[in-house]
Amino acid sequence: MEVLDVLNLGEIAQYFSKMAMFPVFDLAYYIVSILYLKYEPGSVEVSRRSPVASWLCAMLYCFGSYILADIMLGACPIDYFHNNSHILLATAVWYLIFYCPLNLFYKCVAFLPVKLVLVAMKEVVRARKIAAGVHHAHHAYHHGWFIMVITGYVKGSGVALMANFEQLLRGVWKPETNEILNMSFPTKASLYGAILFTLQEAHWLPVSKSTLICLFTLFMATTKVTLTARHSHGSPFALIESWVCHLLFGSPLSVAEDAHDHHAPPPAAAPAVPLFPAKTKEELSEGTRKRKSKKAE
Amino acid sequence: MEVLDVLNLGEIAQYFSKMAMFPVFDLAYYIVSILYLKYEPGSVEVSRRSPVASWLCAMLYCFGSYILADIMLGACPIDYFHNNSHILLATAVWYLIFYCPLNLFYKCVAFLPVKLVLVAMKEVVRARKIAAGVHHAHHAYHHGWFIMVITGYVKGSGVALMANFEQLLRGVWKPETNEILNMSFPTKASLYGAILFTLQEAHWLPVSKSTLICLFTLFMATTKVTLTARHSHGSPFALIESWVCHLLFGSPLSVAEDAHDHHAPPPAAAPAVPLFPAKTKEELSEGTRKRKSKKAE
Amino acid sequence: MEVLDVLNLGEIAQYFSKMAMFPVFDLAYYIVSILYLKYEPGSVEVSRRSPVASWLCAMLYCFGSYILADIMLGACPIDYFHNNSHILLATAVWYLIFYCPLNLFYKCVAFLPVKLVLVAMKEVVRARKIAAGVHHAHHAYHHGWFIMVITGYVKGSGVALMANFEQLLRGVWKPETNEILNMSFPTKASLYGAILFTLQEAHWLPVSKSTLICLFTLFMATTKVTLTARHSHGSPFALIESWVCHLLFGSPLSVAEDAHDHHAPPPAAAPAVPLFPAKTKEELSEGTRKRKSKKAE
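Going down the list, the protein sequences come from chains A, B and C.
Using the UniProt record's numbering, the first residue of the first sequence is number 1, and each one after it goes up by one.
Using the UniProt record's numbering, the first residue of the second sequence is number 1, and each one after it goes up by one.
Using the UniProt record's numbering, the first residue of the third sequence is number 1, and each one after it goes up by one.
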């Protein structure tokens, strides 16, 4: 019985890891990505003033991971643009999100239940991209473990890693921060995922690739959906990371931040701001929201 | 009779589209490009303080389109630099424009009638570059229409698209604007030209390539010469674009700008400035000049 | 006797130019490079806050020249990362310099006599890199003299040429200066070295490559060790360059700077500061130190 179960699970994982991403999952990916672009302050004005710049940003949001991975591997950066149907689909999504009359499409996809489904589907694509990136790099460099991790990382993080330059396209320049200095959850998870997939590719991890894809997708989808539902910018890795960084790199234990979340002492939170000037407005308002909700409790 | 005419025109177009660009037309291209570099505020000081930086900027102005196109197609970015004679010619032009005793060479080529001829010749090269870029991309990606447009666009716009990074080389950083956000006439025309040449390459445009090159060159040369003669930064596409953007992208109709040109109402023009903070000093003084001339009329 | 001497010298040069760089010399290169990274203001905080960003910066410091050269020749920028042992060695050095208990490793390698030996060894690697870069470009472009110079230059200068972007990774942005505008001694020497090696590769210089490597290494090592020992940021080329630039490019003769060094007239030195706003704090304090020592004399 057990054996059968395992066999079935393996088969399901196999089937899942072979499932075509285009067009349904890719569509969800494009919608969520361009939704995040519309959230960026100033992006709506740019879409009015310069549709070309807005379209380019949208393309970077949708295909940034392919562009970066191609740059990293020395290939043609716009190679992915020969997939005309993908570009046209992403263009249609961009048009609907930014210019649909009455903002109808935006309101539909930004409606939380719909958005949660789309976010989960986006994570399915992300996991597949990381696996494909690592596999591609493994094909080019058989023992280039670092190259495999970097390619997988870049494939998973996408536009976040080149956010500074994407913002520059919209006339925004924030040099004091970048995604490497202040990694968000998806970027961190992509890094860890890329390491896992590299270990699997090197046969140091005793699981099949399809199982790993399945498990990683499950983890990413559930975590990201939970975070999105709770409007949280936290990370499930925070506690472990805090300790590991403290032991390995002598980083200060982030007790201040934990206190800030659980007991909300305003005097302690105040000096934290100059230490992390890179905190975005979004994150800060997030903190305020949390503190208020704690007080309400 | 008609047939003969057509035949002759076709032959002329054929001959024109096969005409060698090096050295005469390329020389004009280098002269006009490096002239524009010298117009940039601060570029003369840079040429005194750091000739290497000035030379690099001059090379970017002359060969930026090749560099960008090579980057886009994943080739060696400095591939064009193996044409030693082209580089030496451009270097000679750079030296003469920046360091010629009594500024003699600069005064000659900046003399309006001479400059108009050179500008017209530069547009001949530009049209050929766009056609070559689209053709090159078509060779690499048979159905990559987007790649063909992007390559042609980049080949036609050249350094303008990387102006931010070219300025950075001279120690200037203006992140609040870029060529995509505020397209100048040559950049816009390159984009439209790239689309036309791509349509031709895809056989969706019922003209031969040589005829298209001929017509596009004629349009570019006459328009650019007219704009240069009138010291104008306007664009013949403005009216159509304004309506198309209004219909497709909900952009506000640029009546304010038209009013600003024709009736010059200072109170209406005033609030336009914070809306377009990216307007260069040159454009602003241009506007002032226009208003004054209108008043004089 | 003379012939024997020459033979022996030639053999020594031959042996020297074939000597393996890994691991001893490369180790010295990594140590000195990451030492310079630690000298950068803010880099220690970055190493505490974001070890990933710090590690990436360290890799850029160690392998920036390979990355840039690969970019220039259109190859995979992270190609060098398939040398796992090199990356692991550099990572170990980075870890020891930034996180060693009691800062022990840093104190050892920053101890002047040790540092001077390491600096000399680093210059051995630099000379070899320039020669390899020129040779590699020569292999790809037989008559591409400019490409050979650029590749050699980039191989010798390494991270300095992309300092702006390396700083951006650490959240620092100083657009008003860059290594091309204000070349330091190693960057300048790399440029001249690249020109020499290109001339040699073109058989316009009547010396064998091994002899040239030997002589260039000797020059670089002695000069850099002297400069490091004297904590000087000067350049042995200053006088010749000043005259050549004056004759060729009309640059003002740097008498003001010489006066500033020898007679220290405060009123003359004062207006020089706004002219060179790019002067680093280090250089300025250097100037102050020099003036003080002159006064003491």
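No lab work stands behind these hints: they were computed from the structure.
Since we're looking at a predicted model, the values are computed, not measured.
Be aware that a few hints might be false.
Because identical chains share one entry, a pair is satisfied inside a single copy or across any pair of copies.
Straight-line Cα separation of at most 27 Å, DSSO-like style, residue types lysine-lysine; simulated pairs [as the list claims (entries may be wrong)]:
#, residue 1, residue 2
1, K38, K188
2, K174, K107
3, K107, K188
4, K18, K224
5, K38, K174
6, K174, K209
7, K209, K107
8, K209, K38
9, K107, K18
10, K174, K18
11, K18, K38
12, K107, K38
Outcome of the hint check:
1. K38 with K188: Intra 23 Å, inter 25 Å, cutoff 27 Å: intra and inter.
2. K174 with K107: neither (29 Å within a copy, 35 Å between copies)
3. K107 with K188: For K107 and K188, neither the intra-copy (30 Å) nor the inter-copy (33 Å) Cα distance is at most 27 Å.
4. K18 with K224: Result: close within a single copy only, 22 Å intra versus 55 Å inter.
5. K38 with K174: For K38 and K174, the Cα distance is within 27 Å both inside one copy (18 Å) and across copies (24 Å).
6. K174 with K209: So K174 and K209 fail the 27 Å test inside a copy (39 Å) and across (45 Å) alike.
7. K209 with K107: The answer is neither: 38 Å in one copy and 46 Å across copies each exceed 27 Å.
8. K209 with K38: neither (35 Å within a copy, 40 Å between copies)
9. K107 with K18: So K107 and K18 fail the 27 Å test inside a copy (33 Å) and across (54 Å) alike.
10. K174 with K18: neither (40 Å within a copy, 47 Å between copies)
11. K18 with K38: neither (32 Å within a copy, 47 Å between copies)
12. K107 with K38: within (12 Å within a copy, 49 Å between copies)
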